[in-house]
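Top line first, the protein sequences correspond to chains D and U.
All residue numbers for the first sequence refer to the numbering used here, where the first residue is 2 and numbers rise by one.
All residue numbers for the second sequence refer to the numbering used here, where the first residue is 56 and numbers rise by one.
Bear in mind the hints are in silico, worked out from the structure with no lab data behind them.
In this text, a Cβ means the ideal position worked out from N, Cα and C, and glycines have one as well.
Hints are supplied without guarantee of correctness; some may be wrong.
[As the list claims (entries may be wrong)] Pairs of lysine-lysine residues, derived as BS3-like cross-links and limited to a Cα-Cα distance of at most 30 Å, are as follows:
{"no.": "1", "chain 1": "D", "residue 1": "K151", "chain 2": "U", "residue 2": "K152"}
{"no.": "2", "chain 1": "D", "residue 1": "K151", "chain 2": "D", "residue 2": "K170"}
{"no.": "3", "chain 1": "U", "residue 1": "K152", "chain 2": "D", "residue 2": "K13"}
{"no.": "4", "chain 1": "D", "residue 1": "K170", "chain 2": "D", "residue 2": "K13"}
{"no.": "5", "chain 1": "D", "residue 1": "K10", "chain 2": "U", "residue 2": "K152"}
{"no.": "6", "chain 1": "D", "residue 1": "K10", "chain 2": "D", "residue 2": "K151"}
[As the list claims (entries may be wrong)] Pulled a few chain D residues facing chain U out of the computed Cβ check, cut under 7 Å:
{"no.": "7", "residue": "M2"}
{"no.": "8", "residue": "E4"}
{"no.": "9", "residue": "I5"}
{"no.": "10", "residue": "V7"}
{"no.": "11", "residue": "G90"}
{"no.": "12", "residue": "I124"}
{"no.": "13", "residue": "S128"}
{"no.": "14", "residue": "H146"}
{"no.": "15", "residue": "A150"}
{"no.": "16", "residue": "S154"}
{"no.": "17", "residue": "Y172"}
{"no.": "18", "residue": "R181"}
{"no.": "19", "residue": "A182"}
{"no.": "20", "residue": "N186"}
[As the list claims (entries may be wrong)] Computed list of chain U residues with no C-beta within reach of chain D, every gap over 10 Å:
{"no.": "21", "residue": "F72"}
{"no.": "22", "residue": "G77"}
{"no.": "23", "residue": "L100"}
{"no.": "24", "residue": "E106"}
{"no.": "25", "residue": "T108"}
{"no.": "26", "residue": "T116"}
{"no.": "27", "residue": "E131"}
{"no.": "28", "residue": "M134"}
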Amino acid sequence: MAEIPVVAKVLKLNDELAAMNRLALADAGVRCVNLMGAPGCGKTALLEATLSALAGKLMVGVVAGDIATTRDAERLIAHTPHVTQINTGGSCHLEAHQVRQGMDHLPLTDLDLLIIENVGNLICPVSFDLGEGARVAMFSVTEGHDKPAKHPSVVLAADLVILGKIDLKPYVPFDESIFRAYLANMRDNLAVLPLSATSGEGLSAWISWLTDFGAGSSGFRVNLSI
Amino acid sequence: MHEAAITAALLEQVRSFLPERGRLIEVHIEVGEMEHLDPVVMETLFAVSTEDTRMAGAVLTIYPVPLSVCCENCMENWMPEDPALLVCPQCGVARPKIIEGSGVLLRSLEVEESDGG
């Protein structure tokens, strides 16, 4: 019997492909955001409002991940021609090679910003570096104010938190101060942007953040610690 | 259910380190607490995926790695009991950097060399 010592990250290949994505995006001058959130938290609705608000300001491409169907891409194509749908075929997250396939269908050199809409899930996507420059974790008031406490991994990985559907606050038992306290128990300097894609409330802060990020005034995430 | 993707990546890696004539006996991996991987699902996927291969019957041994963080404010290292409560016990600031407890690491393989017959 022989022991073969290895000591290697199991996702080493994904990490290497993500690094290649990061290089290709940097070469093309494209900033990249990985948007993560639970199914139904409002990611696609936010992107519809975002693309509409950024029209004429930034050239935005989208890689939309879903288990199946092209429904998200069909919604987004009304706002930008640069949309690729990735179907993971049952897998609950996007991986770096799938994002690369999506990137290959987009005119990178024409883009300022690439938004990856990850598969709706708050656990699995966190493990997979995609080559993004920033990770945005999206929650919504309909999910309850304790959601961050139930999903610390995504909170620890995020560069920004979005709280969506704030127009529905009067109708659901959601306490924003408790939501913020749960976040502050893990990261007391993590920015939170409350907004509603439907009413437009709070959207301008998100658009400013994206515009700054897309224009390159925000820091690039060079190396993910997890 | 990212256990399937992680197990597939693990098998690929194990295969690349397995000597041509070797039979796999055991695989040792470290799984970070923050990965939220179910060890029973991992073991089952590993067993099913290795059927009818040189890896059949091999044992997957999983060593859980609890979360360990460093406070970016005062550099105190500690192991939080609850990953959702990361306020530094030393300075009261919640700016943790993960030191251990994330990622999956292939530590080693145990292999039985066959006689080539």
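> Any hints this thing doesn't respect? Which numbers, in order?
Replying inline: 4, 11, 14, 17, 18, 19, 21, 22
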